[in-house]
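A.B. asks: Taken in sequence, the protein lines are chains A and B. Going by the working numbering, the final residue of the first sequence carries number 303, and the count climbs one at a time with no gaps. Going by the working numbering, the final residue of the second sequence carries number 1457, and the count climbs one at a time with no gaps.
Derived from the structure by calculation, the hints contain no laboratory data. Keep in mind that the hints are not guaranteed to be accurate.
[Unchecked claim] Partial selection, computed: residues in chain B whose CB lies under 10 Å from chain A:
# : residue
1 : 1260
2 : 1343
3 : 1349
4 : 1361
5 : 1395
Even glycine gets a Cβ: it sits at the ideal position worked out from N, Cα and C.
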Amino acid sequence: MTSSHPSDAQAVSASSSARDAALHDVGATKPVLANPLTEKDETVRSPDLETREYRLQARDVCVFYGEKQALFDVSLDVPEKAVTSLIGPSGCGKTTFLRCINRMNDTIEGCRVTGKITLDGEDIYDPSLDVVELRSRVGMVFQKPNPFPKSIYENVAYGPRIHGLARSRTEMDEIVEASLKRAGLWSEVKDRLRESGTGLSGGQQQRLCIARAIAVSPEVILMDEPCSALDPIATAVIEELIDELRAHYTIIIVTHSMQQAARVSQKTAFFHLGKLIEEGPTEVIMQTPRHKKTQDYITGRIG
Amino acid sequence: MTSFIVAALLLILLGLSYSQGYLGGRALAATGVRLHSRPRYHGILVAIWCLLPAILVLGAWALLGPGLMRAFVMSYLPPDVQELGPHQLNAAIRRVEAIASGYGVAGAMEPWETAAGVALRRMREFAFLVVIASAAGLGILGLLFARRRISPRLRARNSVEWLIRLLLLACSVVAVMTTLGIVVSLFNEAIQFFTFVHPFDFFFGTVWNPGFSTTGTAAIGQYGLLPLLWGTVMVAGIAMLVAVPIGLFTAIYLSQYASGRLRAVAKPVIEVLAGIPTIVYGFFALVTVGPYLSRVGSVLGIGINATSALTAGLVMGIMIIPFVSSLSDDIMRQVPRSLRDGSLGLGATPSETIRRVLLPAALPGIVGALLLAVSRAIGETMIVVLAAGNSPVLRFNPAEPVSTITVTIVNQLTGDSDFSGPQSLVAFALGLTLFMITLVLNMVALYIVRRFREQYE
Ligand SMILES: Nc1ncnc2c1ncn2[C@@H]1O[C@H](COP(=O)(O)OP(=O)(O)OP(=O)(O)O)[C@@H](O)[C@H]1O
Ligand SMILES: [Mg+2]
């Protein structure tokens, strides 16, 4: 999968390399234009376009499944009120990294996380931290749709009910309706809210899970390939939703589609074999990647 | 010896026919034509064609042989013996058979007995040869016939598939027929019992006092089911009160909280509870738990009998803990991990996740496990024999001795060999009642499962 049309890419890359050069002239350490592709070992970082608040910071995160190491020294800053996309070939550790952020890896026996991840400056692996509260602040949409074997209504109402977000039935109805609408599912299910969520099609289930996650209004939303089972129209609805959520929330999305990463995200991180290879503003990663592996991946040569 | 020969014959036929079919199929394939079925299937089909007739012949002999042999022996019996009653006639025939088998018999042998024995032995040998020969002959015929049929277009695979289906069907028919047979025979005997005692007196009677068969038919006693039924319900109920919470919570702990290593140790240890012979539990109840309970009772100022519904129920509850815990644990672990993750990911605590997602999803299976435990409790005999006090009196205090249906069945069938009196026949009526109870429990459980099922994939 290539990022965009070849001629397109060249045109944009010309302008952004100029900007890149300007940036690096200030530092004046490396002649970037002369040798744009590196294969160096540590992560290649491009400075972010605007300086945003970093809501979430990961430092030297390593993850082990038993003896096997799945992530190697990943350090990543996730900007607030923006979308960060994680890309990379299958099995490179995107899901693993995502699950570190709301400590879902705790539920996997034999999984060990080292390093430091902070949310608003607070270490989320601190023993005194309440994991349950963390997870209510950091919501997650899983790679595989996993609706509960309950009615569609109950699926969406599950989170708000647990956290006591609705004081009355009508309030709950409103939350459910609003969440389903934002996930683009309302029109399809409004007449069958009492039917089982598992009776929906794969794509509908995925949107149901998105509705379920946003129903508790988390501050950070982790989405693991939320559009993998969706048609272009439903994908557009979800991308619109992500765009809209961006105004208030911090979003991290895993995607296998370069176009989607380019469309929805402001920052992109490229993983390969458990290592964070390159990260930076999406346009930079897409158009002037500086690491050879990144370029190979976004032009479809690996992955 | 004979069974060895039969087995050898069948094995030889199997090997021969399969290889014939297989080789036939392969030879055809080697000529380059495309076969509908792989040679393997041709082999199996030929083997079936060969073994089926052979097995039918042997089966027919197994069914009809004894009758034929009996008729043969009868023809050798002198007329005065033939006119004896069925008991003595059977004994005479058995003597002849023993002589024929070469086991020898007690007492002196009459000349006609020896003659009949020798003749029977010859007849047996002859018949065996005939049967083996005809089985082998028919088998070979079947083999030749099936071997000739092999052709590229022969749908051997479909035929084999069809036969396998037939075989599976036959097996399930056996299971169903056995159940039906048991029910029918229970019914028959129970109906006989009801010619002595009116069903109303049985099902609604509150006094159990069957008397003894030796006291004569004049005093047939009283057969009120209610004291026994109540005893059964009370003991099983107490057992479930112990087993359900402990078992279910154990299962939840093991499946959701315990580490893999702890689980690997704890689960087998708990399962040992189910492996302890029930007589040992009964012993334990009688010697340890009962006296302990009665001491506790006297300290608290309430009279607790050492042998009582409470003692039996408590110990039985311990016995069925693993039925509940082990099965529920397996069932809860089968709930997909992703459901648990989904709930935890929304900020639910582990116990909220268990209550709201895991238990509902696992409910049908858990109900099944509980049902199994209840049937086990209702059918349990040994513990109750020893620890419940065997007192078939309608009492509502669990600290008093009771008796149950199973214990009474044991009492009525032991020490009393006359199976035609109401004292013994009542056992069948009781058995039928037990059967009905489990049937109703099953139906209730099915209803619950259907009503509350939450589908997951
Ligand atoms: N529960 C687990 N136990 C052991 N190894 C695991 C587990 N989950 C993931 N891994 C391993 O960790 C590595 C990273 O997996 P991860 O699921 O993070 O990949 P991914 O980037 O999300 O891939 P995909 O795009 O296919 O979803 C893989 O090699 C995988 O085999
Ligand atoms: Mg993944």
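A.B. asks: For every hint, state whether the structure bears it out.
C.D. replies: Going through the hints against the structure:
1. For residue 1260(B), the shortest C-beta to C-beta distance to chain A is roughly 6 Å, which falls under 10 Å, so the interface hint holds.
2. About 7 Å separates the beta-carbon of residue 1343(B) from the nearest beta-carbon of chain A, less than 10 Å, and the hint is met.
3. The restraint placing residue 1349(B) at the interface with chain A holds, with a minimum CB-CB distance near 5 Å, inside the 10 Å limit.
4. At about 5 Å, the closest approach between the beta carbon of residue 1361(B) and any beta carbon in chain A falls short of 10 Å, and the interface hint on this residue holds.
5. For residue 1395(B), the shortest C-beta to C-beta distance to chain A is roughly 45 Å, which exceeds 10 Å, and the interface hint is violated.
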